[in-house]
Amino acid sequence: MALIKFSALALSLMLAASCGGELRGNECMTSTVRCSEDNDNGGERIEAAASTAPDVEPYLDFLPDGKTLAELPEHDIALTAVENGVILRAGERQQAFDWLYMTPRAIMPNMMLRDWDGDGKNELAIILYIGSGTGVSVSDLRIIEIEEAGFKDTYFDPDDYVQQVLNVAGFSAFKENEELKGKLTLGDSAHIVSLKEYDENEIGKVMDKLVIGSISDFSFEADRIVASFGAGIAVEKFATPIYVGNIEADVAYESGTYQLADFRFVPNPEQE
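Mapping of the sequence shown onto mature numbering (1 follows the signal peptide of the UniProt record, and there is no 0): residues -17 to -1, 1 to 255, in sequence order.
To be clear, the hints were calculated from the coordinates, so they are not data collected in a lab.
You may find that some hints are simply not true.
Unchecked claim - Calculated pairs, DSS-like style, for lysine-lysine (alpha carbon to alpha carbon, straight line, at most 27 Å):
hint	residue 1	residue 2
1	K104	K135
2	K158	K188
3	K164	K104
4	K179	K220
5	K135	K164
6	K220	K158
7	K166	K220
8	K179	K164
9	K158	K179
10	K166	K50
11	K220	K188
12	K166	K188
13	K179	K166
Said to hold, decoys possible - The following label-pair restraints were derived from C-beta to C-beta distances:
hint	residue 1	residue 2	range
14	E204	E180	27 to 33 Å
15	E159	Q242	33 to 39 Å
16	S202	G74	23 to 29 Å
From a predicted model like this one, the values you see are computed outputs, not experimental measurements.
Here a beta-carbon is modelled for each residue, glycine too, at the ideal position from N, C-alpha and C.
Sequences and hints are given; from them, build the entire structure.
Below, the structure is given as structure tokens:
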């Protein structure tokens, strides 16, 4: 799998032109091209980060060098935009990174400094919103260890978190009293959702697959990092997944690795 690096603007424009905001299972995601894959436990990974071409213009407002994207003044930490990414500064130290950080939705990066791994030293967690489009919402999570020699960047790779979700989650469709329903499992727990609005011959069969990856967001809640993944299901004649809710989990960080824990399912109101 080839890895190709571009400037943030060039890549955003290429995504916009080639993907058009549509999710079709073989689209672009940041600087890595990935294809959907069936998972052995009945899940499917579909990853994308497309931006629609008509909305690219607002993105240009955030490109000038020196534009402050996020800051923690009380800790003398700032993240600023440069032509090919960002500069992270902590006190007198600074380092350039070729991160994507913006889409036409103009959601700014967010940062939190605390001892995430319990080693007695603070680490900087950074959330960057990098993908938007039709049925697409993707943010990146990075934790920076501020060391004497510089900044150590640990990225929560999408392949990692998608696999962690699919290791515990699954989906199957069934009928009960002539009504189409779906069962989403998370470990030992099961959640039933109504699918009666999709019980039509014209749209084809609801597949026994859970689609994870095209909606993947991170946020800070109090002193923790929360991940939220759109729980999509595949319908035979639909190009994009149908989302029945969100799978949420807390993000733990230790010794340079990420682990999702305390999984829970939040159904869409119309599917309850």
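Results of checking the hints against the structure:
{"no.": "1", "hint": "K104 <-> K135", "in the structure": "13 Å, holds"}
{"no.": "2", "hint": "K158 <-> K188", "in the structure": "12 Å, holds"}
{"no.": "3", "hint": "K164 <-> K104", "in the structure": "48 Å, violated"}
{"no.": "4", "hint": "K179 <-> K220", "in the structure": "16 Å, holds"}
{"no.": "5", "hint": "K135 <-> K164", "in the structure": "47 Å, violated"}
{"no.": "6", "hint": "K220 <-> K158", "in the structure": "20 Å, holds"}
{"no.": "7", "hint": "K166 <-> K220", "in the structure": "21 Å, holds"}
{"no.": "8", "hint": "K179 <-> K164", "in the structure": "7 Å, holds"}
{"no.": "9", "hint": "K158 <-> K179", "in the structure": "9 Å, holds"}
{"no.": "10", "hint": "K166 <-> K50", "in the structure": "47 Å, violated"}
{"no.": "11", "hint": "K220 <-> K188", "in the structure": "8 Å, holds"}
{"no.": "12", "hint": "K166 <-> K188", "in the structure": "15 Å, holds"}
{"no.": "13", "hint": "K179 <-> K166", "in the structure": "13 Å, holds"}
{"no.": "14", "hint": "E204 <-> E180: 27 to 33 Å", "in the structure": "32 Å, holds"}
{"no.": "15", "hint": "E159 <-> Q242: 33 to 39 Å", "in the structure": "35 Å, holds"}
{"no.": "16", "hint": "S202 <-> G74: 23 to 29 Å", "in the structure": "27 Å, holds"}
The structure is inconsistent with the numbered hints 3, 5, 10, although it conforms to all the rest.
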